[in-house]
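Everything in the sequence shown is counted per our numbering, starting at 1 for the first residue and increasing by one.
It is worth saying that the hints were derived from the structure and are not from the lab. Hints are supplied without guarantee of correctness; some may be wrong.
Computed cross-link-like contacts, PhoX-like style, restricted to lysine-lysine with a CA-CA straight-line distance of at most 20 Å [to be verified]:
#, residue 1, residue 2
1, Lys115, Lys151
2, Lys193, Lys181
3, Lys181, Lys198
4, Lys181, Lys220
5, Lys193, Lys220
6, Lys151, Lys220
7, Lys113, Lys151
8, Lys193, Lys174
9, Lys222, Lys198
10, Lys220, Lys198
Across the chosen pairs, the derived CB separations fall in these ranges [unchecked claim]:
#, residue 1, residue 2, range
11, Leu128, Met62, 47 to 57 Å
12, Pro245, Asp139, 51 to 61 Å
13, Pro61, Lys181, 21 to 31 Å
14, Ala138, Lys73, 48 to 58 Å
15, Asp139, Ala106, 30 to 40 Å
A quick note: this is a predicted structure, and the numbers were derived from the prediction, not measured. Idealized CB from N, CA, C, for every residue including glycine.
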Amino acid sequence: MKPARAVFAVLWVAFMVVGCGKPSKQSPAPAQPASRPLGEVLTLTVVPYEAAEQLQDNYGPMAQYLAKAVGCKEGRFITVVDYAGVLAALETGSVDVAYLSPFPYALASSVMKVKPQPLAMPWVQGSLTYRGIIFVRADSPIRTLEDLRGKTFAFGDVTSTTGYLLPRAMLESKGIFQTLKWRNAGNANMVVKAVENKAADAGAAYESVFQVAYRTEPEKAKLMRVIAYTVAIPNGIYVARGDLPADTV
1 MKPARAVFAV
11 LWVAFMVVGC
21 GKPSKQSPAP
31 AQPASRPLGE
41 VLTLTVVPYE
51 AAEQLQDNYG
61 PMAQYLAKAV
71 GCKEGRFITV
81 VDYAGVLAAL
91 ETGSVDVAYL
101 SPFPYALASS
111 VMKVKPQPLA
121 MPWVQGSLTY
131 RGIIFVRADS
141 PIRTLEDLRG
151 KTFAFGDVTS
161 TTGYLLPRAM
171 LESKGIFQTL
181 KWRNAGNANM
191 VVKAVENKAA
201 DAGAAYESVF
211 QVAYRTEPEK
221 AKLMRVIAYT
231 VAIPNGIYVA
241 RGDLPADTV
């Protein structure tokens, strides 16, 4: 399978998995939703790229800051268990602001009746783009993608751009994915742990994952070795629910 076709195939599978249905050939333009102002509490969530407790510590203060900036009494970070849950929370309006990685943002923008409104894209380590990685333990005999044939592999969430979609497409294009014994291990930290504990021979995640997973033990990053990078893609984006008033946005 050619790389472009492999990417399309993987994206389509993920698209169907999150329950978005088949696209209509002639979809009428959706009516503009009636705006729904913020209440006393502003809610924020992000795609769960690491443990819920750490995300709460990281983004709770941001929720409070945003709430103060727009005149709400309280800002609250809402924990969501998976990427599809973030999209559902946005679509139902149970969160006001969300951080989406590239593929969930593309899904939200293309299939939701009420489209999320872009707010901002963050610079991460001085860049507006990032890459996915395929990695192994530093003491592993695996050196190249070809060495992965027949091995065990840990992916992230099924709608994670760098934890599943792009690495899988890259492996499919080389005929390697079909030989793997693979599973979706959970968030990126869980993927790292699976490789570290030898529950998987290799894993896929975003390129700065070791700095996050080993935040309190940075020396442990030396336990891992990257054997391949995906193409660079844009960072994720902060969005507001589609019916948030324009002046609040």
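Hints, verified against the model:
1. In summary, the hint linking Lys115 to Lys151 is not supported, as the alpha carbons are separated by about 41 Å, beyond the 20 Å threshold.
2. With a CA separation close to 17 Å, the supplied pair Lys193 and Lys181 stays within the 20 Å bound.
3. Taking the CA atoms of Lys181 and Lys198, the gap is about 14 Å. The hint holds against a cut of 20 Å.
4. Restraint check for Lys181 and Lys220: not satisfied, since their Cα atoms lie roughly 26 Å apart, outside the 20 Å limit.
5. In summary, the hint linking Lys193 to Lys220 is supported, as the alpha carbons are separated by about 11 Å, within the 20 Å threshold.
6. Simply put, Lys151 and Lys220 have alpha-carbon atoms about 23 Å apart, too far for the 20 Å limit, and the pair is violated.
7. Of the pairs offered as hints, the one joining Lys113 and Lys151 is violated, with about 42 Å between alpha carbons and a cut-off of 20 Å exceeded.
8. Pair hint Lys193 plus Lys174 does not hold up; C-alpha atoms about 26 Å apart against a cutoff of 20 Å.
9. A threshold of 20 Å between alpha carbons decides the hint, and for Lys222 with Lys198 the separation of about 15 Å falls inside it, so the pair holds.
10. Proximity of Lys220 to Lys198 is assessed by CA-CA distance (about 15 Å); at most 20 Å being required, the pair is judged to hold.
11. Leu128 and Met62 have their C-beta atoms about 19 Å apart, which leaves the hinted 47 to 57 Å range violated.
12. Under the hint 51 to 61 Å, the C-beta atoms of Pro245 and Asp139, about 56 Å apart, fit the expected range.
13. In this structure the hint that Pro61 and Lys181 lie 21 to 31 Å apart at CB is violated, the actual value being about 41 Å.
14. At roughly 50 Å, the beta-carbon separation of Ala138 and Lys73 lies within the given 48 to 58 Å, and the hint holds.
15. The hinted window of 30 to 40 Å between Asp139 and Ala106 holds, with their beta carbons roughly 38 Å apart.
In the structure shown, a violation is registered for the earlier hints numbered 1, 4, 6, 7, 8, 11 and 13, in ascending order.
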